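S.K.: Following the hints, position chain B against chain A.
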Amino acid sequence: MDRPIAYDKLAREDRFVRMRARDVAQLKVDQGLPPFPDLASRESIRERVHGIMVGELQAMEGAGRTVYDFPDAPWEFTMDMARQVWDESRHVETYLGLLEHLGGRVGEFPESTILWRCACAEDAAARVAGVNRGLEGLACDVFNQLIHIAQKIGDPILEKSVDYVLADEITHVRMGSRWLNELTRGDAERRRRAIEFQETIDERFNLGGTRQDGHHEVVPISIAKEARKLAGFTDEEIERLVKSTQRSQVY
Amino acid sequence: MSSERLSGHFSVDDSARRIRNYRFAEERLTRVLGGWIAVTPELPAKLLFGRHVWDCAQHTDAWGRRLPELRAPAQQSEPANDAMVAFMRLLESPEGPRQTLERIVGVYTVLKPHLVTLYARNLGAANAVYEPPTRRILARCLEEERRHAAAGAIVLRRLGADSNAQHRVAEWQRRLLDALDKAGGVTGDATGALVDETLLGVTPETVAPDLVQTPPDFDPTVLPADLAAAVDAHRKALETADARGVMGWVAPDAQAAVDAAFATLVGGMTATRVVGLAAIGRQQMVKLRVEGARVGGLVQVRWTPTSSGWRIIAAELVSTEPASAAP
Numbered sequence: 000m001d002r003p004i005a006y007d008k009l010a011r012e013d014r015f016v017r018m019r020a021r022d023v024a025q026l027k028v029d030q031g032l033p034p035f036p037d038l039a040s041r042e043s044i045r046e047r048v049h050g051i052m053v054g055e056l057q058a059m060e061g062a063g064r065t066v067y068d069f070p071d072a073p074w075e076f077t078m079d080m081a082r083q084v085w086d087e088s089r090h091v092e093t094y095l096g097l098l099e100h101l102g103g104r105v106g107e108f109p110e111s112t113i114l115w116r117c118a119c120a121e122d123a124a125a126r127v128a129g130v131n132r133g134l135e136g137l138a139c140d141v142f143n144q145l146i147h148i149a150q151k152i153g154d155p156i157l158e159k160s161v162d163y164v165l166a167d168e169i170t171h172v173r174m175g176s177r178w179l180n181e182l183t184r185g186d187a188e189r190r191r192r193a194i195e196f197q198e199t200i201d202e203r204f205n206l207g208g209t210r211q212d213g214h215h216e217v218v219p220i221s222i223a224k225e226a227r228k229l230a231g232f233t234d235e236e237i238e239r240l241v242k243s244t245q246r247s248q249v250y
Numbered sequence: 000m001s002s003e004r005l006s007g008h009f010s011v012d013d014s015a016r017r018i019r020n021y022r023f024a025e026e027r028l029t030r031v032l033g034g035w036i037a038v039t040p041e042l043p044a045k046l047l048f049g050r051h052v053w054d055c056a057q058h059t060d061a062w063g064r065r066l067p068e069l070r071a072p073a074q075q076s077e078p079a080n081d082a083m084v085a086f087m088r089l090l091e092s093p094e095g096p097r098q099t100l101e102r103i104v105g106v107y108t109v110l111k112p113h114l115v116t117l118y119a120r121n122l123g124a125a126n127a128v129y130e131p132p133t134r135r136i137l138a139r140c141l142e143e144e145r146r147h148a149a150a151g152a153i154v155l156r157r158l159g160a161d162s163n164a165q166h167r168v169a170e171w172q173r174r175l176l177d178a179l180d181k182a183g184g185v186t187g188d189a190t191g192a193l194v195d196e197t198l199l200g201v202t203p204e205t206v207a208p209d210l211v212q213t214p215p216d217f218d219p220t221v222l223p224a225d226l227a228a229a230v231d232a233h234r235k236a237l238e239t240a241d242a243r244g245v246m247g248w249v250a251p252d253a254q255a256a257v258d259a260a261f262a263t264l265v266g267g268m269t270a271t272r273v274v275g276l277a278a279i280g281r282q283q284m285v286k287l288r289v290e291g292a293r294v295g296g297l298v299q300v301r302w303t304p305t306s307s308g309w310r311i312i313a314a315e316l317v318s319t320e321p322a323s324a325a326p
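From first to last, the protein sequence lines stand for chains A and B. The first sequence begins at 0 in numbering that gives the first Met the number 0 and counts up one residue at a time. The second sequence begins at 0 in numbering that gives the first Met the number 0 and counts up one residue at a time.
If we strip away everything but chain A, and leave its shape as in the complex, we get (with noise of 0.2 Å):
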């Protein structure tokens, strides 16, 4: 098997239907719509726990990818790795339950790669940067706003679930700061290119200026601030995030 593979050897069932995530924002916004679902209503709702439950089986596929692609990383760094991918497997359970309590189905709204497409990094370093502090941050924010969303709804069955979820991202995190330390040390290049390399991707994922510092009821997305403090973040990457937040005004 190759290492790493091309990114469009990602296989996915027929049911499926694969679109770039800007391509569906675009089409949306030329039928008056919001470009990610706003979480307005439970259609909305559905549409955003579709989109994890596809982010969580990339999550998936990248870390056992991971788990494969550097056999010279260190054992414990593997063993991370393939406990990150049955958290990640039992996510995909949680969501496909999810989207079947909100009365969807798997393939009802287009499914993007964008977030294998960073799981692919050629670097270990860059991709636990990537995807652990990168893309597993986001979802710090995503869940912490969704579990507001499922007080607010009055769901408790959403609320419970993902915060269970919540509390394993915030472990993935945590494996990804430490990991980030430890394969670049003494290698401050290496270091460099892999903050970088998140720092492409937390501009990616502002969606937009989606994501955004404040109050759930007033931001589309909050940015988790004590998720992320548990999770290892430091208040000068926060405030960095919330700074790149400002900058993104397009999708």
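Since the hints were derived computationally from the structure, they do not count as laboratory data. The structure displayed is predicted, hence computed values, not measured ones. From the three backbone atoms N, C-alpha and C, an ideal C-beta is built for every residue, glycine too. Just so you know, not all the hints are guaranteed correct.
As the list claims (entries may be wrong) - Some chain A residues close to chain B (C-beta under 7 Å, calculated; not the full set):
1) K8
2) V16
3) R19
4) R64
5) R82
6) V105
7) D122
To be verified - Computed spacing ranges between beta-carbons, pair by pair:
8) A/A5 with B/D81: 24 to 32 Å
9) B/R70 with A/T199: 46 to 54 Å
10) B/P219 with A/A5: 29 to 37 Å
11) B/T305 with A/R116: 29 to 37 Å
M.R.: Using the frame of chain A, we list chain B on its own:
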């Protein structure tokens, strides 16, 4: 204590070597299951692999931690011989999207049942006075590998029900068992059957809760009735090579692009079916599998509601493959 209780089959060095052999197999399983998740289309298989990567990693780790207690370096793997390396390469070789059954067969009907067989035999032979640390790891790995093999059998039955698939499965299993036999099994010194079915002993019902409940296959009846009627008429026109009929469903300014999306597939088109449906606001992306005499493929067709009913406003050819490779 009778001296008989202190008799044993394995020296410390022998035990360490066997453990390095086990670790080699479990580590390879960890990595290859992890790597296969992305290249496996079917959700039941994808999630089966996803569930077991962590268990295999823990088996690998447990064996690796035991080694220093036997005067050997920690976390080292060692294949029994070159033939064992060749066996693993063969097991890992099915990478194509249509080779899921081969992947499941290799891991769940050959290697894991073989490990069950070896672990059970080793557990039966390991001394109860001075080898309990090894025995505990054996007992855990044995139990979990049994459950894995049973879970794999459930998924294999679900995905490989037709007779062609069963023939493929049997042939691949035979090739792998031959390769494993040349190696003398994972430890290079296996005697007796490489897979002892009587040791598997876990019913599929017992392990069914271990598996992720995957959703049912796509059901075309999810299409709204008016869209379904339009899609069916469009498909019929495609299958009968009725160019005017096809274009009657396409918005005028999209005709050239839609024509181009189907260009590779026209001529000898034998059947079409709807395999997916995704909403983009009010628009619907209908995914078609097109079968032809020589070539088949997948096309995503975007429909929009208009004042005169549903119309196609875009189409994209997703993939093509020779007719012989179509599912």
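S.K.: Of the numbered hints stated previously, which ones are contradicted by the structure, given in increasing order?
M.R.: 3, 7
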